[in-house]
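Just so you know, the sequences run in chain order A and B. Heads up, the final residue of the first sequence is numbered 437 in our numbering, and it's a clean run with no missing numbers. Heads up, the final residue of the second sequence is numbered 478 in our numbering, and it's a clean run with no missing numbers.
Worth flagging that the hints you see were computed from the coordinates, not collected in a lab. Just so it is clear, CB atoms sit at the ideal spot from N, CA and C, and this is done for glycine as well. Among the hints, a few may not be true.
[Stated by the list, open to error] Within a straight-line C-alpha distance of at most 27 Å, the following computed DSSO-like cross-link-like pairs (lysine-lysine) qualify: (1) B/K446 x B/K465; (2) B/K100 x B/K16; (3) B/K465 x A/K359; (4) B/K446 x B/K59; (5) B/K446 x A/K359; (6) A/K229 x A/K137.
[Stated by the list, open to error] Far from chain B, by Cβ distances over 10 Å, these chain A residues were calculated: (7) Y39; (8) G51; (9) G90; (10) V174; (11) R260; (12) A384; (13) P419.
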Amino acid sequence: MRQESPSRPSGYGPGEAPRWEDYSKCIQCGLCLNSCPTYRVLGHEMDSPRGRIYQMIQVERGRLALGDSFVRHMDLCLDCRSCETACPSGVHYGRLIEAARGQIERSYHRGPGATFLRRLFFRELLPYPSRLRAVGKLMSLYQRSGLEQFVLASRLLKVLPANVEKAARLAPRVENPFFRVGTVTPAIGTRRYRVAFLSGCIANLAFARLNEATVRVLARNGCEVVVPKDQGCCGALCVHAGLRDLARAMAVRNIRAFAREPFDAIVTNSAGCGSVLKEYPGLFEHGSQEHLAAAELFSARVKDVTEFLAGAELNTGLAPQRVRATYQDPCHLLHAQRIRKAPRQLIGAVPGIELIEMKEPDICCGSAGVYNVLHPEMAAPLLAAKMRRVDETGAELIVTANTGCLLQMRAGVAASSNPRRRVLHVVELLDEAYRQA
Amino acid sequence: MQEARTARALPLDDLKRIVGERNVLWRAEDVMLYEYDGLSAHATPAAVVFPSTTAEVSKVVALAVRTGLPVVARGAGTGLSGGAVLTEDGLVLGFSRMNKILEIDLENQRARVQPGVVNLDLSLAVSDAGYYYAPDPSSQKACTLGGNVAENAGGPHTLASGVTTNHVLGLEAVLADGSVVHTGSACWDHPGYDLTGLLTGSEGTLAIVTEITVRLCRKPEAVKTLLAIYDAVPDATRTVASITARGITPAALEMMDGFTLRAVEEATHAGYPMDSAAVLLIELEGLSEVVDEEAGHIECACLENHAREVRRARSAEERDLLWRGRKNAFGALGRVTPNYYVQDGVIPRTRLPEIMEFMEDVGRRYRLRLGNIFHAGDGNLHPLLLYDKRDPDQCRRVTQASAEIIARCVELGGSITGEHGVGIEKNELMPLLFSEDDLALMRRVKAIFNPEGRLNPGKLLPTGKMCGELRVQASAGG
């Protein structure tokens with residue numbers, strides 16, 4: 001029996017690092033491999049969940065450097081957490097990869113260009129709703145004036161760093177007018193709940209109509225909907241990128257913003273936001289007890305909008321929708337929050353809908369936050385595979401439950417042979433059916 | 001970082017010429033990811049090569065043998081006997097690029113696939129048409145058909161449908177000199193020696209399979225899944241023989257003890273009773289009327305043997321959940337222990353009560369926690385020995401306890417492995433089962449196919465370097 005070899009000093013510095021309690025649960029059975037999007041595309045053990053965990057262990061043991069190779073494989077992970085669903089051992093992979101990225105952020109230097117862009121986006125833009133709005137207004141002008149079409153068609157972008165060009169091509173459409181925060185919408189009919197809505201950061205600009213639809217659907221289901229004014233970005237993108245201190249600051253702000261009163265639920269329509277909101281306590285495990293307790297109280301109230309509606313008595317005043325639909329599981333809803341039935345139950349509640357399950361609805365579409373911007377070479381084959389699965393169903397409508405997936409699936413449909421297919425969030429589908437009733 | 005590189009030169013440029021630069025891994029930080037499989041970590045390969053065609057496999061194998069480098073083929077690396085890792089410096093042939101289903105011929109119930117196709121992906125590809133690929137190892141959502149052929153994989157449904165070899169019609173394989181041969185045919189019977197049977201289960205020591213023709217089965221008209229719940233383990237084990245004594249062969253007949261099923265239930269919430277001593281998971285397949293009648297008989301057999309309750313899965317969803325629990329059982333124990341060692345012994349099913357008693361005794365004597373989960377119908381045991389590999393004393397006790405269990409299986413008329421293969425785990429135990437003459441014949445067969453011994457060396461047959469020892473190696477992760 002092989003015993004531990006005398007270990008070299010750990011490659012991790014101070015701060016949160018992958019912990020023995022988490023990675024020792026991995027028994028290297030490999031059952032996660034085929035559920036991992038990057039392994040499915042590349043076929044390399046280094047880009048599998050089991051392999052990534054092995055690399056984290058080797059860094060801890062001082063056998064592998066926290067350098068280019070390690071960073072490349074950790075970066076390439078979509079953090080979709082499909083491996084957590086596949087894992088029989090109950091490894092909390094998300095916790096491991098996020099801790100590893102925290103270490104990378106602390107001690108790895110990415111070069112001046114990437115460092116500048118990351119700083120600009122994560123530290124100077126995301127935390128400030130007012131700056132986001134200002135950028136949103138500029139974007140809106142840019143997109144409406146025809147300037148965008150001109151820029152994309154021109155060679156102007158070629159002079160900028162490659163990532164800027166990619167970002168420019170994949171930038172979401174800004175929706176005017178932006179979603180308004182600081183509002184209270186009364187329930188339609190009897191008030192049964194008073195809920196708070198976390199409307200997101202970029203979503204207030206790029207998914208303003210979806211946010212409005214969410215509020216309307218909640219109101220129709222007996223909710224008085226409060227949208228706290230001083231809320232901000234949930235921090236999911238920061239957690240995924242390893243910026244844990246910044247994520248903590250964002251968490252503290254939101255916990256404060258939503259702690260004003262004991263809402264019946266804190267509702268979100270974004271699976272990516274929801275999963276990190278539910279995991280706020282993980283950010284404070286090493287901090288003050290006070291913060292941890294507040295985070296636990298906050299997280300216990302967070303509900304995905306589909307989870308909330310499926311658990312409430314649904315208003316059934318829905319007009320029939322005669323359409324064949326298929327449902328794409330958002331990774332952060334299915335794998336991170338373990339919500340599979342709720343969205344299907346809501347789709348099924350709409351009369352006339354024929355829901356055809358696609359094969360492998362639980363494999364990532366390649367969106368994964370800003371992943372499709374940073375790693376288009378991986379996101380593209382994942383989207384292509386996803387669209388083939390959609391095609392097999394013959395569906396005219398793709399339903400999903402997360403903003404990132406909406407963007408990605410819409411891009412997939414636009415590039416497909418049948419660009420007239422629609423892509424809707426579950427609440428958009430419900431909203432349409434209510435409004436037509 | 002690369003430790004102890006041998007004198008053998010690595011023909012890196014030639015390898016890159018054959019498969020293309022991006023299909024060769026040789027940097028220390030990459031190849032270290034290929035030093036383990038589902039069993040444990042071993043030698044670090046000098047390079048990992050990802051061929052895309054049979055011709056590339058042929059060239060790589062010929063080159064490796066010419067340079068004296070050992071070669072091991074690797075699918076997903078989920079094996080539990082070390083079949084896909086090297087025992088010394090050499091090459092790993094990764095089959096993750098050869099993962100195409102080449103042909104599906106439903107009229108003739110067969111498919112032609114590359115070795116890197118994942119077991120469950122083949123069933124998924126033909127499921128709409130009402131077909132599936134029958135052998136269902138618990139790792140089927142990740143393991144590859146090439147690995148299944150090498151290890152002659154079984155699974156819970158082995159009882160009725162047999163193991164991999166019963167479902168392989170023909171093979172294309174690369175021999176040690178690089179030549180490409182075809183065995184069997186697409187027909188169900190063919191003249192000459194059964195080389196397909198010989199290669200299936202040869203654990204990569206005779207040839208490297210590059211294409212597989214498999215049989216597809218029609219999904220049964222009806223499936224019924226029963227869960228029999230017991231307050232005492234012997235009642236459950238006695239039930240197994242009394243079911244088969246009634247002339248019924250269930251499609252699957254699985255047993256889990258109370259300790260294991262509590263871990264499983266925590267992991268999957270499949271509805272297993274937390275307070276029972278053991279359960280039998282029994283599945284029947286066939287025509288509706290027959291299945292109904294048999295289910296009645298089985299219920300009687302269970303109740304006669306003091307089952308507390310017999311439940312029937314009411315929906316496909318409930319059935320899937322029970323199976324998900326069963327198939328994830330090994331890993332579920334990972335939740336309650338830092339490490340475990342899974343054994344794979346076989347006994348005649350009539351001896352189940354005896355071996356269970358024996359294992360309980362072993363656990364007591366070595367002060368080890370044992371979980372039991374096994375394919376009861378065909379007497380294939382999977383005791384799981386729980387330990388913490390940071391404690392050398394526990395490691396030693398696990399090794400000794402496992403060796404005792406395996407020796408007892410052989411004494412009872414069984415075998416040292418049911419489906420996980422021999423590999424580097426149990427090759428030194430082969431003399432327990434085979435005489436010197438038996439082994440000599442095997443060596444002669446190996447010498448014909450693999451005269452230089454470069455194909456998966458150190459596996460399957462005793463090396464003579466260790467004497468009758470079980471080589472338990474802990475999985476990494478801590």
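Each hint, compared with the structure:
1. B/K446 x B/K465: holds (18 Å)
2. B/K100 x B/K16: The given pair, whose Cα atoms are some 22 Å apart, holds under the 27 Å limit.
3. B/K465 x A/K359: Since the Cα atoms of B/K465 and A/K359 sit roughly 50 Å apart, the hinted pair is violated (cutoff 27 Å).
4. B/K446 x B/K59: holds (21 Å)
5. B/K446 x A/K359: violated (43 Å)
6. A/K229 x A/K137: Distance ~19 Å between A/K229 and A/K137 Cα, so the pair holds.
7. Y39: violated (8 Å)
8. G51: Incorrect as stated: the minimum Cβ-Cβ distance to chain B is 5 Å, not above 10 Å.
9. G90: violated (5 Å)
10. V174: holds (39 Å)
11. R260: holds (36 Å)
12. A384: Non-interface label on A/A384 holds, nearest chain B Cβ at 16 Å vs cutoff 10 Å.
13. P419: The claim stands: A/P419 keeps its Cβ more than 10 Å from every Cβ of chain B (closest is about 26 Å).
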